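Peer 1: Residue-level listing of the chains:
There are 2 protein chains.
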Amino acid sequence: MSAHTETLEKSTAATGIKRTYFFGNKQAEGNASMKNLLGGKGANLAEMTQLGIPVPPGFTITTEVCIEYYQNSKQLPTGLLEDIRRNVARVEAIVGAKFGNADNPLLFSVRSGARVSMPGMMDTILNLGLNDQAVEGLAKRSQNPRFAYDAYRRFIQMFSDVVKGVDHDKFEHILDEQKKKKGVSQDTQLDAQDLKEVIRRYKELYRNALGVDFPQDTETQLLDAICAVFGSWECDRAIKYRRIHEIPESWGTAVNVQAMVFGNLGDTSGTGVAFTRNPSTGEKKFYGEYLINAQGEDVVAGIRTPEPISDLEKDMPEAYAELVSVYERLERHYKDMQDIEFTIQDKKLYMLQTRNGKRTAEAALRIAVELVQEGMIDEKTAVSRVEANALDQLLHPRIDPKAKLQVIAKGLAASPGAAVGRVVFTADEAEAWVKKGEKVVLVRQETSPEDIGGMHVSEGILTARGGMTSHAAVVARGMGTPCVAGCGDVVIDYSKKLFSAKGETIREGEWITLNGSTGELIKGETQLIEAKLSGNFDIFMQWADKFRTLKVRTNADTPEDAQRAREFGAEGIGLCRTEHMFFDPQRIMHMREMILSDSETARRKALDKLLPYQQADFEGIFKAMTGLPVTIRLLDPPLHEFLPQTQEQIRILAQEMGVSVHHLNQKVESLHELNPMLGHRGCRLAITFPEIYEMQVRAIIRAAITIKKQGQDIIPEIMIPLVCSRKEYQIVEANLRRVAEEELVSAKVSIQYQVGTMIEIPRAALVADKIAEHAEFFSFGTNDLTQMTFGFSRDDVAKFLGDYVEQQILEKDPFQSIDQRGVAQLVQMGVERGRSTKPDLKCGVCGEHGGDPASIDFFHRAGLNYVSCSPFRVPIARLASAQAALRNK
Amino acid sequence: MSAHTETLEKSTAATGIKRTYFFGNKQAEGNASMKNLLGGKGANLAEMTQLGIPVPPGFTITTEVCIEYYQNSKQLPTGLLEDIRRNVARVEAIVGAKFGNADNPLLFSVRSGARVSMPGMMDTILNLGLNDQAVEGLAKRSQNPRFAYDAYRRFIQMFSDVVKGVDHDKFEHILDEQKKKKGVSQDTQLDAQDLKEVIRRYKELYRNALGVDFPQDTETQLLDAICAVFGSWECDRAIKYRRIHEIPESWGTAVNVQAMVFGNLGDTSGTGVAFTRNPSTGEKKFYGEYLINAQGEDVVAGIRTPEPISDLEKDMPEAYAELVSVYERLERHYKDMQDIEFTIQDKKLYMLQTRNGKRTAEAALRIAVELVQEGMIDEKTAVSRVEANALDQLLHPRIDPKAKLQVIAKGLAASPGAAVGRVVFTADEAEAWVKKGEKVVLVRQETSPEDIGGMHVSEGILTARGGMTSHAAVVARGMGTPCVAGCGDVVIDYSKKLFSAKGETIREGEWITLNGSTGELIKGETQLIEAKLSGNFDIFMQWADKFRTLKVRTNADTPEDAQRAREFGAEGIGLCRTEHMFFDPQRIMHMREMILSDSETARRKALDKLLPYQQADFEGIFKAMTGLPVTIRLLDPPLHEFLPQTQEQIRILAQEMGVSVHHLNQKVESLHELNPMLGHRGCRLAITFPEIYEMQVRAIIRAAITIKKQGQDIIPEIMIPLVCSRKEYQIVEANLRRVAEEELVSAKVSIQYQVGTMIEIPRAALVADKIAEHAEFFSFGTNDLTQMTFGFSRDDVAKFLGDYVEQQILEKDPFQSIDQRGVAQLVQMGVERGRSTKPDLKCGVCGEHGGDPASIDFFHRAGLNYVSCSPFRVPIARLASAQAALRNK
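Chains F and L are the protein sequences, given in the same order. Counted from 1, the first sequence has number 182 at position 182 by our numbering; the numbering is strictly sequential. Counted from 1, the second sequence has number 370 at position 370 by our numbering; the numbering is strictly sequential.
No lab work stands behind these hints, which were simulated from the structure alone.
No copy labels: a pair is met if it fits in one copy or bridges any two.
Listed next, the in silico DSS-like pairs over lysine-lysine satisfying Cα-Cα at most 30 Å (straight line):
1. K667 x K497
2. K623 x K605
3. K667 x K410
4. K203 x K182
5. K240 x K727
6. K812 x K380
7. K203 x K179
8. K623 x K546
Since the structure is predicted, the reported quantities are computational estimates derived from the model, not experimental observations.
Sequences are here, hints too, so could you generate the full structure?
Peer 2: So, in structure tokens, the structure goes:
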């Protein structure tokens, strides 16, 4: 012993690093706050031990050792072996058994444990410490030879598979053969003798596969198992899981080596998992299941059906009473709903794990609110406990988790919620079918502004092309309609009215289901669960609103959207896109006439016809947003987006305009651009054709006058898009103010309005100090800013974005969550330089990022005044803003 | 006098500003160094006065007063009148005449004078100080009534037109009527009596036009004239001139008020202009012309034909001798060729102006070199004297300045020099015609890489679309072929083989001339002057090379271009575009096969066929650049640029590849992008299809090995385009190095090569510190950087760029000269951040800006190591780099 201790002290002294943390017998070297070093499981085992809760003794090898292991070409560091031996000895002393001893063997479990739970992603080895001698000792001591040989059989199988990579199925095959030979169907029907034969064949298999005998030296077993657990940090499924859950590779995993306890020692033993409250609903009721005479993996494997936890009370009343007392203590101690694992060995309860339990959004909300009401946590803590993005679940219908699904393809989760309907392939068909009382899902290559009507009546939208900020995705999110976009496996044949995806063919009229929260395309009609908001939602959101400093506005182009967003708590409109207003069939003709006219006079004539429509649009939106600011962006897209698509449309328009079809075709051709995103659009149109914005401003101010005369307050903010220079802004702004003043003077009404700009071109951020000499507010258009800063066309990026995320060049799709290393620098620069000129400059964001929690955290830190997002993301933005404020205090 | 002085002192004391500078009688308050304050003319008048050269006395009102005038709603500042009166009195004292005096009137000229010469752009008033009384006095004193009345007549006409805006033609009409009445044709044939009648009618016209009498108060005349000169700073032609010559509006003009001297007092008087050396050739010989009995404007007006200056020697030997002595003194004093104006009044010489004379590039070079040889200036001064851009004149043929031109349209001056040839409309026709021995000009809507062959054989290229960095423009500049691009007035009808421009129709085979230095499209065959480089060129360029710190490389894709650039002094290749190599008919098929293959195996098969071609290309280029660095950019454009354009081409390719036409069409369609500039190109291709760059690197390294084995040095630099992140660079680089090492190991050859990156995406500049962790050099791709920083597509920007320059939103086309306020910030940031990681990081630029002197000045200041430009701009870049180094010392 003393020699070991000396070695340990030497090694610790030499490296200055403590690599192992012991726990057992109410004492532990670690505690719950040491998750980064000990992993979640190890930290909580130490904490429970210190609380006096019964935990089998053991020790945790730190995550730092994992990092050392990888840095050191997958070798355990020098000195660790001495640490391990010392800890094993302490466990032996507590348990009263000896590791590797033939008569009274101490067995270990070896488990992974990262900072955050990665359920089932990494490896576990149970029953370690058995060999041909020890199994005999265990059989004698337990007086249960079947148990002992089953434990050895399990250990050989697990060790060979997990540690040595021998195919698991080959062992199952041997077991199956043995059952067949005996004419039984259950593992439990094999007796000790059968299992001895199985063990013989297992060892034979091991030798044949690896050319050496199964290791009889238990220390070798232990060191190999530890290496295997470290190695499983880099297994494919763990890497994928980390990517999905954004867990850094650099964290590493800890390893927990813990004395085995056995739930499979007979009918006075058992094992189970439980939640201190219901993880689906949040109801305050002990919830879980257990199996008598079983080891942990039997519960997970699903071979036997577990019993509800309440039945344990009559099976083993004392153990149950202790379990209840322990879970209540743990919840009070951790002040959150716990997910616990336990084993009962011969009526004695042992706790193997406790952690904060995963839960649905509904449960998260209820638990957070009730914990506050129970006095366990304060409101700030409650607000931090619910993941902002999870609120989406509450606002949209979702697929019944029990439904059997035939997923036939996967696209981008472009607009959340689930939709069921019959397939149609055109927006017109969608409208026609819905008139007949059908529910439809609109399936398109990609959508265009002309499809708005059909999109509006559809239950869901599926596109084969386009990214998270494609037309379909943006519009669908605005409407709250589920959408799967950019589903590349879908090949549409419009002429045959069908699409195929990975071998399945779906025709018009057939039922499909979309899961817009996951991107799944599902064949057939699926049962949905409708969204409902509980009273807890309002209480919770009020708490969130107390803590946030960012205002939350919405992107809305219609009075309906504006109204819905207001109900969700929007504090104004941050982006009202005016271009969507021009696609109505009555209006598009005038719009086209305007675009295709050769003279200013002719353009003004066409614009005069559009003005009353625009004015009516704005009146509706102002009414819906009475008392709140409404930011209206002037015309932004390139003009050719409005142009006729077919020769028939051109023919009609030519007639209307009194020009030749040839002339019109030439004009259409001349408006073609190679890179329209970087083309003649936004305020560039106002430099060449000032009359367009003039009409729009006239409509805005006239609408404001009308509403004001009706006695309502309105705060119009006129926003100039795509500005790249001070002078450009100044020229456009001066013209707009001139028109606005004309209208106000002639109406003899005084209205406060502001004129400001989008910052969406990199250069605008670079010269923001100059632009701020004139602009009254900045709104960061992070969609376009991302496009230009990366040089990514969001319409085309789908072709390589997958590879970029896969190869970890991009952590996330930068159109979904703002690129905090690059694009964010320009936002920060824009804010700082703008305010260097105008210290109280109002700054907001109106890109898609305005509804993304990670982006909102950045916007809070960047000192923006508000974020603006689609109506259905307003609650998420409110919560994310509150969390950002609390996090960055 | 003393009262005036007191007033002056008071006003100067009150404002602290000295507004007027006197000169006369060998004394002057100003000097030649005060051009910013006194304007060029005023400063030089003061200087000449101090030198004791005969200059009529007068005073200069400063440019600051001009600025005050505009800030003060076009009112002269308080106190100025007193200053003027004091100065007038000093002139009176010297001349011995009185301003406004009836018997012995002092007359003034009032002239503009900005910091830099703006010839003819602003206003002048002569003979000021005459009225109905003074004219009589002048007549008596001069004993020349005809002279006096003519002076008065001229004054009324000039004052009315320039100061009061009465139409000049109406006065001419009166003069014509008087001549008709008398039956004469020349103004000089009118006698005093006739002129009195003309004056009567002039005054009548004035009264009718303005409702008041012609001002008889001479101080009113003077103040009005001063205001008119200030006012002319903002006249349309002056604004346009400033825009063209990049003269800031804020400079303002000075006003020179100077005692009149008269060249029109009879045959012992005269006036002339001269250059101290020949401004066309630079020959050291006095050069100019004069008129006997004339005022300055008569020389300019061109009514009489002036005599060569040498004839003055026999007409007026004493005056001529003095003039020679003066001009020699002036040249020695100013140490530069002078452009002088003089008047001889009654045999007495007066100098009215001296300034550095404008000259052709040829003359500039010769004068600079000869002044050094004469010991007048040092080499540094010589290098600063020649405008870098002017060298272009020496390298390209130009249109004979004497030729009569019928300009039928104007486009962008996309590639300098003049070209004459017969019109063809396709690249194939161009090649066919040239084979037949014809000279052709290729006329295209826009060119594409497939047109390379035809472009190469054409004398010049004309396109209807596209900007300064369009394909046609870039390729033409590289080849040194004159090009007029984006000539919007040209409407091409390919089917009829003709184009029209502003009413003119030109058919295939007709002759046209292009002036690629001005953008003019000229009908017919025009006489050209061939380019020739004198020995002075080499001497001069060697001086320039002594002072520059920037290296100058070239953009070259062929051994021929590389060779030419080397002859022009290029110190390596900064950009070798590999994509141009794929358009050869033998190669394009393999390229297409590669792009349209569905599997990596098939792509690799096609790439294997391309490898030998690429290797041969690189071998040729390496040979041409032995001993110098060659930066090769890996494939950059989107793949669909290489795709078949016609169904016929698709059919052939489908056969070749053994796939169906339908399949191939689908594949082509799937590669379509909405914004290809922001699409799947550059190193993004290497992330999805690493095999493409692998082939290219293999070809580069194999070529390097071949050349090395031939005993020649080569320094290959492999450049990865379109990088936006550290990780992206790292992945691509690692793969390239792996392939390169494979080749080197297998060849058992050691070659030093570098791997670096373009910085051409805004994000790359923002994260340059991270990218520099791996990259060995940066090359700023300022073309794409400008596109993305502004959000301007260079292919589409022509639609609104004109308006942007017109409205002064942009000072210049940012694709021609780097945007120093915006884009330059990113370049600066990229350099600084890159070097913060790697202090000796080599940084260069390879965009079009690498050949633009203003941009080069910035690149020098930004600390770049080199610029790279098209071969014909290499001398310009060498000179501009030297000037930047001298300027920013």
